[in-house]
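A.B. asks: Sequences are here, hints too, so could you generate the full structure?
Going by the working numbering, the residue at position 278 of the sequence shown is 278; the numbering climbs one at a time, nothing skipped.
One or more of the hints may lead you astray.
[Stated by the list, open to error] Straight-line alpha carbon distances no greater than 25 Å define the calculated SDA-like cross-link-like pairs of lysine to any residue that follow:
#, residue 1, residue 2
1, LYS379, PRO130
2, LYS351, THR199
3, LYS379, ALA235
No lab work stands behind these hints: they were computed from the structure.
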Amino acid sequence: MVTRRTLLTTGAASIVIAGIGGTWWGTTGPAKVAREPWRRASAGFGDPRLDVLAYAILAPNPHNMQPWRVELDEGLGFRVYCDLERLLPETDPPNRQITIGFGCFLELCRQAAAEAGFRADIAYFPDGEPGALLDARPIAAVELADDASVESDPLFLNVLDRRTNRLEYDTSRPIDADLLSRVEAATVEGVEVSTTADTGLLEELITLAVDAWSVEWSTQRTRGESVEVSRIGRAAVDANPYGLAMDDRMSSSLGRIGLMTPEALDDPESMIYRESFAFYERACRSVSAFVWSTTPTNSRIAQLDAGRAWVRVQLAANAVGLSFHPLSQALQEFPEMAEHYRRAHELLARKDGETVQMLARLGFGTPIGPAPREALESKLIS
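C.D. replies: Here's what the structure looks like:
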């Protein structure tokens, strides 16, 4: 039995916490209710729209906020909206990352529809494109059409196995150039995807990732945004299966005895804060290659396309046996990150005016379970 005395005596260096931009996740998936949507997707709902949406809600998204809301139309159509209570105003003030998440969602809609023999006709922003911030207008209108000519997307076979692996990777294993080429090739029109295993650039990007992570986690309001949606322990994750889950056995034990709390995560003087900070830095340095995406502009449509490309890149990485972990803190647009944002574009944007949309590390990691998801029914607008 893990006791408070044991942990205080031995220290907490064995705590296994991982995250993205202050996002914390357990390394396994013991909260069963929160992982049920991964099983239900393949079981089906008996309605083509729901069958498609069951896969779409598994899309990667920042801080696991799952901001999608869906209104079913008559026939085979539906509209996708943003839940404006699920934004990240501190780490994502212009809602760029949230919009990228919707692009991931829509790409999985398209793939799931094709797998079932439907064409998904997707119209971006049917009531007008939002400006500085997302608003109550729909992100997309989707219409399914029975179409025997539609071909399945080979990447769809990886949807249920897609993971964001924040553990350390085996850096003794180099990544073959052919595998990186296959990852790059998964992109969509209008989004350029690049990779590197060059030692010099790897070191520069590792330094950038560590420094940017340090800024996000040491800035109280951006750290606080993550802490506010942290779920510590299995019961908390099952009760609120969105946000940042810490439900591996060690985190659950630490939570039960009062050592791992939101207050401890938010306290730079606490043991939990120091250990979690060190864990994430080690993960940032555990890199065999980097992958990133750029778009010619930073319009909302470009952001949606960047999301479509990003989930495809992650599925392609999974298909060739690579683990994948976004490290896009340097691309965030809050004031304290400005110097790292400039440096990221200096290193990665190939043309003036390009926007670097996402950055991730690649490598060979230990298999992990899926992240929590809310039930599809909770996402439907009645």
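A.B. asks: Now, for every hint given, state plainly whether the structure supports it.
C.D. replies: How the hints compare with the structure:
Distance check on the hinted pair: LYS379 and PRO130 sit about 22 Å apart at the alpha-carbon level, within 25 Å; holds. Of the pairs offered as hints, the one joining LYS351 and THR199 holds, with about 23 Å between alpha carbons and a cut-off of 25 Å not exceeded. For the hint pairing LYS379 with ALA235, the CA-to-CA distance comes to about 21 Å; that is within 25 Å, so the pair holds.
The structure is consistent with each of the numbered hints, conforming to all of them.
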